[in-house]
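Visitor: Chain order of the listed sequences is H and W.
With this note's numbering applied, the first sequence closes on residue 112, and no number is skipped along the way.
With this note's numbering applied, the second sequence closes on residue 109, and no number is skipped along the way.
It is worth saying that the hints were derived from the structure and are not from the lab.
Only pairs whose alpha carbons sit at most 27 Å apart, straight line, appear in this in silico DSS-like list of lysine-lysine:
| # | chain 1 | residue 1 | chain 2 | residue 2 |
| --- | --- | --- | --- | --- |
| 1 | W | 22 | W | 9 |
| 2 | H | 83 | W | 96 |
| 3 | W | 108 | W | 73 |
| 4 | H | 71 | W | 96 |
| 5 | H | 57 | H | 14 |
| 6 | W | 22 | W | 96 |
| 7 | W | 15 | W | 108 |
| 8 | W | 96 | H | 9 |
| 9 | W | 9 | W | 96 |
| 10 | W | 108 | W | 22 |
| 11 | W | 96 | H | 57 |
| 12 | H | 70 | W | 96 |
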Amino acid sequence: DGGITQSPKYLFRKEGQNVTLSCEQNLNHDAMYWYRQDPGQGLRLIYYSQIVNDFQKGDIAEGYSVSREKKESFPLTVTSAQKNPTAFYLCASSSGTGHGYTFGSGTRLTVV
Amino acid sequence: AQRVTQPEKLLSVFKGAPVELKCNYSYSGSPELFWYVQYSRQRLQLLLRHISRESIKGFTADLNKGETSFHLKKPFAQEEDSAMYYCALSYTGGFKTIFGAGTRLFVKA
Chain H
1 DGGITQSPKY LFRKEGQNVT LSCEQNLNHD AMYWYRQDPG QGLRLIYYSQ IVNDFQKGDI
61 AEGYSVSREK KESFPLTVTS AQKNPTAFYL CASSSGTGHG YTFGSGTRLT VV
Chain W
1 AQRVTQPEKL LSVFKGAPVE LKCNYSYSGS PELFWYVQYS RQRLQLLLRH ISRESIKGFT
61 ADLNKGETSF HLKKPFAQEE DSAMYYCALS YTGGFKTIFG AGTRLFVKA
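My request is simple: use the sequences and hints to build the entire structure.
Guide: Here it is in structure tokens:
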């Protein structure tokens with residue numbers, strides 16, 4: 001079954017801790033993305049990667065980091081520098097221009 | 001700067017009535033526009049793309065460059081159309097996409 005898998009579904013973090021959200025795809029897509037979804041604000045781009053070993057900052061990259069060591073995987077680390085990390089995080093992938101995105105089911109991160 | 005605006009947060013219509021979800025965009029180049037839908041307890045998924053000029057689940061959307069709009073329309077709404085709808089604009093060769101804030105469509109029986 002092809003698609004994108006995000007884990008965990010729910011994640012709780014204590015203030016001051018770093019946490020890593022997993023995103024894996026078996027669609028053979030070159031491009032992968034991380035978005036943050038907050039109520040009433042739609043989706044905002046955190047980081048994106050067009051190809052392995054390359055990634056670019058999106059509109060709200062501060063306090064986040066990523067890596068792209070394999071085509072299938074694009075993990076997102078939410079660092080302690082992120083001031084307001086409680087949100088719903090969506091990973092997506094794309095095969096290229098005009099094709100749109102395939103989304104994962106998301107990870108809900110809560111800081112306690 | 002690029003921007004996507006969905007002016008309605010909530011749209012409520014009766015079953016069988018026409019529905020139009022509005023989307024306006026701001027972009028100086030040639031836009032790639034999409035509609036995404038999220039049904040209850042399901043993941044966000046692509047509904048349609050302006051370049052394919054297709055009709056999906058009875059929905060259509062026409063790009064109006066003069067009015068910079070990409071409204072989503074369906075002539076007869078069904079209860080199963082109730083969902084959250086997002087308009088999106090892709091640029092930089094499709095590698096960056098910005099989303100509107102979304103419109104929740106509620107179709108009443």
